[in-house]
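Assemble the complex: chain A is given as a structure, and chain B must be docked to it using the hints.
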Amino acid sequence: MSDTIKTDIVIIGAGPVGLFAVFELGLLDIKAHLIDILDKVGGQCAELYPEKPIYDIPGIPYITGHGLTEALMQQIKPFGPTFHLNEMVTTLEKIGEPGFRLKTDAGKTFEAKCVVVAAGGGSFQPKRPPIQGIEPYEEKSVFYAVRKMENFRGKNLLIVGGGDSALDWTLNLQPLARRLTLVHRRDEFRGAPDSVNKMRALVAAGQMDLKIGQVASLEGGDGQLLAASIKTKDAVERVACDAMLPFFGLTMKLGPVADWGIKMDEELIPVDTGTFESNIPGVFAIGDINTYPGKLKLILSGFHEAALMSQQAYHYVYPEKKLVFQYTTSSTSLQKKLGVA
Amino acid sequence: MSDVQDVSPSTGAKSQAMPKITFIEHDDTVHTVEAELGSTVMETALKNDIAGIVAECGGACSCATCLVHVDEKWFPIVGPPSPEEEDMLDFAFEVKPTSRLSCQIKVTEALNGLIVHTPSYQGR
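Heads up: the protein sequence lines correspond to chains A and B, in order. Under our numbering, the letters of the first sequence match residues 1 to 341, in that order. Under our numbering, the letters of the second sequence match residues 1001 to 1124, in that order.
Chain A on its own, in the form it takes in the complex (with noise of 0.2 angstroms):
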């Protein structure tokens, strides 16, 4: 286990709205790391609309996902963020007035004065297929994730996807497995054409197989799976397997955050819209996760949460200093932290 990390502000989220944290606690001389479940930062601007326009940045009449993101991490880039990816926090409490301990499922654990929590919609997560029984073989026979290919050598694989995923997985464990099978339920895969291209060739030469079709029921006891039944056009075939692959992308769900005493209402955390603090004080939510009366969920009403949510923030940072407003297009000193003066 590695040595706790200590810093100003843990935030959660690495979305738009925590990323622009990273600026306002910035200009405040606070640091910051940030905790994402995803691999990637952005949020949603990255997982659900890269190549979407969004017309309501203010001053931006047209930016993507992606460009959005792009230009906050070179905002923010003078502060020196430090990125925690793929990671989700698990645990948060409360060790001091204010003071956290925050422990994430990578086995990291953090020490902060104040928490921002920016988790939007929640932490993505694999979506779970409606197929009845598949409970009991979640985390056994079931998979939503590799973590350790050695786990499937020599066994009979399921593959379930046509994405990027399914296929990757499909190239690296094929070698692996005893049998591989890959299930897509039209015979067109929108993965990466070299991927699609290699995964046919296996199974033209007969060293893997393809079904087109959809899972419609599992076999097994005790959660390990003996075999699946593959709706297929015009048939049911029952394939034999060990474990089940199913790579059908990303969902939100609010996760852990439920459990750590924050009060909440509905999924969301009500704050003080003066400081965007919930009920704990130190433990601030700016984002879609909040809620206020008036609340819009809209990146630009994140942007101003994050102001606001800083200048509450530098007085549990630095308690004895009196914090002077100003502005970058005049301050000396705010030019220096951006690097332009």
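If you're looking for bench data, these hints aren't it; they were derived computationally from the structure. Check before you lean on any hint, since a few could be wrong.
Here are the in silico distance ranges between beta carbons for each label pair [stated by the list, open to error]:
#1 A:N172 - B:E1084: 24 to 32 angstroms
#2 A:A204 - B:A1017: 35 to 43 angstroms
#3 B:G1079 - A:P136: 50 to 58 angstroms
For lysine-lysine, the following DSS-like pairs were computed, each having C-alpha atoms within a straight-line distance of at most 25 angstroms [claimed, not checked]:
#4 B:K1106 - A:K231
#5 B:K1106 - A:K52
#6 A:K31 - A:K322
#7 A:K295 - B:K1096
#8 A:K297 - B:K1047
#9 A:K108 - A:K253
#10 A:K94 - A:K6
#11 A:K77 - A:K337
#12 B:K1106 - A:K211
#13 A:K211 - A:K155
#14 B:K1047 - A:K253
#15 A:K40 - A:K148
Beta carbons: idealized from backbone N, C-alpha and C, even for Gly.
Here is chain B on its own, set in the frame of chain A:
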């Protein structure tokens, strides 16, 4: 201006009757609602609290949680999905030949009377 009261209300001659769309839930609950021309079937569902339409991404064709099965006789009028939508359907479950993402179906006069079936489960 003195003639301000003579201005026709917005429901005047210019607007046509709103197309009607019927949503049938998996448990056969039927909702027939009016849809705004130019909006989408997904937006119509959300406005009318139709169960079974999640629309997690808000209509960006990025999440496949607004799946509907278009009624067989309406499918030729609604038409098939675009390649982009077809890719996204890979993320949906129990996809049928007449399945569409409702955020990608624009409401037009030709769709007056449209019938769609909502699934029991949107991949979540």
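Hint by hint, work out which the structure violates, then give me just those numbers in ascending order. 2, 3, 4, 7 and 12
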